[in-house]
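Visitor: Sequence:
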Amino acid sequence: MTPNGASSLISRRRLLRGAVLAAGAGLLAACSTPSAPPPPNGAPPTAPPASGAAAPTQAAQPAQQAPAAGSGPVEISFLDTATNDADMKIYQQLADKFHSENPTITVKTSATDGTNYDQKLLTYIQAGTLPDIIRTSDNFAKPFKDNGVTQDMIPFANKTGFPYQDFDSTFLDLGMVDGELHMLPKEGDAIIPFINLRMAKEAGINPPTDFDPSKTPDGWTWDDFMTMVKRLTVDANGKHGDEAGFDKDNVATYGASFAIDQWYIYVPAVLADGGTFVADDLSHSTLNSPQGVAAFKRLTDPVLQGYFAPLTLIQSLSNQAGNVFAAGRAAISPLQRLWCTNLRASLPDDFDVLHFPKGPAKRVTGMGTFGFALTSKTKHPDEAWKFLSWMYSDEGTQIITQSYAAVPAMKRFYNSSFWRDLPPPPHSNSVFVDAFNYGVTPPRLPFYSTGEFKQSVTDGLTAITLGKATPQDVVANVDQVLNKYLQSQQKA
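Sequential numbering from -12 applies to the sequence shown in the working numbering.
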């Protein structure tokens, strides 16, 4: 374990190297969350700035913590990476409500851009300004633990009777490191298709919003889905994608907008075709298989045929597939619930959600989470834990979910009316938790959002959709890049 304090400042490369051993993997962003949370007021979500970009000035640097003050007033600091107004408003509301019930404890909330987040926290350690509570994710759980950023929260949970085992085990395990708890999951994020109900009605489509995969496990297949997508696609002359004369090069509304170069789309696609992505021991890639090639072809053929929005269009809209849907340029897009806030503000049409269609072998979708942790440097551990655990109480969870931006990660809230019965849209809220039954987190690898591997996936899939490469060639190259990375980790 790296010593704490100023001498423990380490490189980003070394910090991320430790993440490959983290239990689980995710969102976000990987999930972490699979995509950036949408900002409020109908503005499109923005992709994280490129490495080296300036961070927002708004509350980016935590204030110096005051020493413990016995039984007197205490201020604890809470740091998030969601800088949009909607999220910051939620956390301030949490802080204010908690303070009203605990007047001797004040929670100071702040947010910082997520770029080089790990490096920022190490800088805060060096400066003695590390907050009491920080946002974290599965990829950061192990390196943060190993480098003294966070501490085990199980002793606090046991001391106060906090039911941490009520978290869905899939999400809880993402924060477990060497038997210690280094992340409390904020929410459960499963990728499910959102559908524009006006467009469906105009196309004569009756979407299967009441489909139940537990009752009909082999129903609602990828072929069924593509039949619907083709009908929902409309060219500039009003021809639908399933009609003669459809012009795939002049599309007005795409049937769907898929972020095909994001792990939460292509990894589940490979699994849904019956393939695997990487060996269980992370020693080598297993992507280069007939199933892997079939999955890449299944994702790119609809782009070539004009039914899925091209990656170039998605990239032009802050690299968010959901922005194509929000702009009314696509009838369907697989997203997380966190998009509901933005869509309710910006999309004039009614919308709902569907279960993910079953692939050739099985039904699979991507899912994950991010969460929060108590730092090892907190000067007020009991008070900080009191607030952190209160966030997961009935009161705290109601505040978090009332904006439509989160699905509770604790099982006792799965059927709670305070989020399920929020006024529509969306209407079919059960899908958000029922999809956990077939959701998967990605292989335990820390580099889905950046680096050579991510670039090889994006470049390869783009080349396929432009007719400049074949799925076989791209899968072989991605497999080679992944093996190169995995071998380097074996030697590290």
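Take these hints with a grain of salt, some might be off.
[Unchecked claim] When the alpha-carbon atoms are kept at most 30 Å apart in a straight line, the in silico DSS-like pairs for lysine-lysine are as follows:
(1) Lys84 - Lys398
(2) Lys398 - Lys284
(3) Lys455 - Lys284
(4) Lys235 - Lys95
(5) Lys398 - Lys95
(6) Lys455 - Lys146
Keep in mind that the hints were calculated from the coordinates and are not lab data.
Visitor: Take a quick look at whether Lys455 and Lys146 sit within 30 Å of each other, Cα to Cα.
Guide: This hinted pair is violated, its Cα atoms lying about 60 Å apart.
Visitor: Do the alpha carbons of Lys84 and Lys398 lie within 30 Å of each other, as the hint requires?
Guide: Roughly 24 Å between the alpha carbons, so the hint for Lys84 and Lys398 holds.
Visitor: Between Lys398 and Lys284, does the CA-CA distance stay at or below 30 Å?
Guide: Status violated; Cα separation ~37 Å.
Visitor: Hey, Lys455 versus Lys284, does the alpha-carbon distance stay inside 30 Å?
Guide: Since the Cα atoms of Lys455 and Lys284 sit roughly 14 Å apart, the hinted pair holds (cutoff 30 Å).
Visitor: Compare the distance between the alpha carbons of Lys398 and Lys95 with 30 Å, and conclude whether the hinted pair is satisfied.
Guide: holds (29 Å)
Visitor: Taking only the CA atoms, is the gap from Lys235 to Lys95 under or equal to 30 Å?
Guide: Violated - the C-alpha atoms of Lys95 and Lys235 are around 53 Å apart, more than 30 Å.
The structure shown violates the earlier hints numbered 2, 4, 6.
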